[in-house]
Amino acid sequence: MKLLNKKNILCALAIFSIYAIAGLLINIGFIDSYIFLNIVLIGINIILAVSLNLITGFTGQFSLGHAAFMSIGAYASGIITAKLGQPFLIGIIGAALFSAMAGIIIGIPTLRLKGDYLAIATLGFGEIVKIIGLNNDYIGGAIGLNDIPQYTTWSCLYALVVITVLLISNFIKSYHGRACISIREDEIASEAMGVNTTYYKVLVFTMGAFFAGIAGALYANYFYFIKPDSFGFMKSIDILVIVVFGGMGSITGSIIGAILLSVISLFLQSIPELRMVVYSLILFFIMIYRPQGLMGKSDFKFFKKRGVLSGHTESK
Amino acid sequence: MDQFIQQMVNGISLGSIYALIALGYTMVYGIINLINFAHGDIYMVGAYVGFALTTFLHFSFFPALFISMLVCSILGIIIEKVAYKPIRNSTRIAALITAISVSLFLEYGMMYFVKAETRTFPALLPNKQINLFHTNIVLDIRNLYIIFVTISLMAILQYIIYKTKVGKSMRAVSLDRDAAQLMGIDINKTISYTFAMGSALAGAAGVLVGTYYNSINPLMGVAPGLKAFVAAVIGGIGIIPGAVFGGFFLGITETLVSAFGGSLYKDAVSFTILIFVLLVKPNGLLGKNIKEKV
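Order-wise, the sequence lines are chains A and B. Using our numbering, you'd call the opening residue of the first sequence number 1 and step up by one each time. Using our numbering, you'd call the opening residue of the second sequence number 1 and step up by one each time.
Simulated from the structure, these hints should not be mistaken for lab results. This one's a predicted model, so the numbers in the text were calculated from it and none came from an experiment. In this text, a Cβ means the ideal position worked out from N, Cα and C, and glycines have one as well. Be aware that a few hints might be false.
Non-contacting residues of chain B with respect to chain A, defined by C-beta distances greater than 10 Å in every case (computed) [as the list claims (entries may be wrong)]:
{"#": "1", "residue": "ASP2"}
{"#": "2", "residue": "ILE77"}
{"#": "3", "residue": "THR91"}
{"#": "4", "residue": "TYR108"}
{"#": "5", "residue": "ARG119"}
{"#": "6", "residue": "ILE130"}
{"#": "7", "residue": "ALA172"}
{"#": "8", "residue": "ALA180"}
{"#": "9", "residue": "GLN181"}
{"#": "10", "residue": "ILE237"}
As a list, the in silico DMTMM-like pairs of lysine to aspartate or glutamate whose alpha-carbon atoms are at most 20 Å apart [unchecked claim]:
{"#": "11", "chain 1": "B", "residue 1": "LYS281", "chain 2": "A", "residue 2": "ASP229"}
{"#": "12", "chain 1": "B", "residue 1": "LYS266", "chain 2": "A", "residue 2": "ASP229"}
{"#": "13", "chain 1": "B", "residue 1": "LYS115", "chain 2": "A", "residue 2": "GLU273"}
{"#": "14", "chain 1": "B", "residue 1": "LYS266", "chain 2": "A", "residue 2": "ASP137"}
With these hints in hand, go ahead and build the complete structure from the sequences.
What follows is the structure in structure tokens.
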């Protein structure tokens, strides 16, 4: 497959034009700081949802602790940039590496578990991370970590979102990605076909944690201030809801889900006391009437090919 | 030593609360394989019903407990019929998110009606201290009430499950739903009974906690809900004695950890125990190892 085919060129053009148009709108002040704040939230949610989709949607491993990886990344980046005074790039890399390490450490023992049990174990892990954060005085304890420099700009947010989406969607289309999908479809059968399931599960978990760490770094360096409570069980659920809402196993779905749910919660802010009630009703009706999510397992394609199943792509 | 025994009593009374909530989790999981995240919020509703009955209608402890259990069991049946029945055959993750949406709905719906502030639960039980055997061990009479109510409810539950027809059909459905249906058991009715019983126990736990700690708020169900769920998993989810064992185990461990200086880390300790139990015996301490067939 050539690198410079019609599809790739169109994709690159679309990516650059969105970047340029939004950058221009920010520069002339059409997008004010309030809208930009929501754009930052959408970008962070896209990274989180796509990385959780890799774990839950494509590999079928049920994780309820994704916010914990985000919090590890946020604190790593906060400490590196605020306390050690390093540039943002080092903060992002540090955040991603620390989260990935946590992913390996928690992944190797817990990924032996299946289904609900894995979900419970990751939930427990998330709570443990939160409690350690609450009781550690170096990182501010329950008060939180203050005075983190605001480095997150439109360019770096957009670049990281695009890199995350491209890397993960290309990973899914590779040999390794197909191995992961086979684990989702039938773990025993794929093991019998020679797929090293433990290796792929830990790999995917680590990759998911890596990108969640990047999202955490973006979050910490935009909002100046982080506290352990913001990365609790409910945050993990929020990410999972985006993934399921968009469609498990669909990258486009995760992106659309992140945008739509952020817009919905933006509109619901006008009725603060009923916000969560309406949100829960929306969730409920989606689950009853469209449990496979908006996009199902399918991904948006510029050029549809006949007879190509989702997840299987032209590898020649 | 005195302090140890006293903390044990506190632990047992906290553990009985966990055990009561955990029983509902485990019964529902056993019968429809659903982690009912809304269960902690049914406990919260139970506490509020008890609060309303005792504050505005001046009921005494036992009638309030009974009516609150009744209201909660009706709420449980409604939740099951409205929310969980349509998704009974969909994927695990859809069921889980539905449960979470029901939980959010109960929490914030309640918050809309009763406002977010913490309410003071009236002191229903005599706040008397008694010295045990003329030693320094001081027992709070409310602890004894909690333990007494819990043990009688568990005895009733045990009787229902092992001696009545409803209990027999519940055990049959949790063993094999299709075979039970072929034998003429009404699956829908049995599931409703299960939800009713589990929710009634949670409602009882809500009233007990309200009288013991004297304060309730709409989000009070989140933390004990998670804890009770951990208790159910430690004992072996789906197994009724496992939930009781896990509840007492977790309650005693937490109380002892806080008594000996680690109160900030008591939640972390219980979640660490959870992860260790899952790694060593994923089916719980009292669970049987089921061989996987291909």
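Comparing the hints with the structure gives:
Its beta-carbon lying about 29 Å from the closest one in chain A, ASP2/B satisfies the requirement of being farther than 10 Å from that chain. No Cβ of chain A comes within 10 Å of the Cβ of ILE77/B; the nearest lies about 18 Å off, and the non-interface call holds. Not every beta carbon of chain A lies more than 10 Å from that of THR91/B, the smallest distance being close to 6 Å; the non-interface claim is violated. For TYR108/B, the condition that its CB be more than 10 Å from all CB atoms of chain A is violated, with the nearest at approximately 4 Å.
Residue-level check passed: ARG119/B sits 18 Å from the nearest beta carbon of chain A, beyond 10 Å. Every C-beta of chain A lies more than 10 Å from that of ILE130/B, the closest at about 36 Å, which supports listing it as non-interface. No beta-carbon of chain A is positioned within 10 Å of the beta-carbon of ALA172/B; the least distance is around 22 Å. With a least beta-carbon separation of about 22 Å from chain A, ALA180/B lies farther than 10 Å from that chain, consistent with its non-interface assignment.
Look at GLN181/B: its CB is around 23 Å from the nearest CB on chain A, clear of 10 Å, so calling it non-interface holds up. Against chain A, the non-interface label of ILE237/B is violated: not every CB pair exceeds 10 Å, the least being about 8 Å. Of the pairs offered as hints, the one joining LYS281/B and ASP229/A is violated, with about 31 Å between alpha carbons and a cut-off of 20 Å exceeded. A threshold of 20 Å between alpha carbons decides the hint, and for LYS266/B with ASP229/A the separation of about 17 Å falls inside it, so the pair holds.
Distance check on the hinted pair: LYS115/B and GLU273/A sit about 9 Å apart at the alpha-carbon level, within 20 Å; holds. Between LYS266/B and ASP137/A the alpha-carbon distance is near 17 Å, which keeps this suggested pair within the 20 Å criterion.
Hint check: violations occur at hints 3, 4, 10 and 11; the rest are consistent with the structure.
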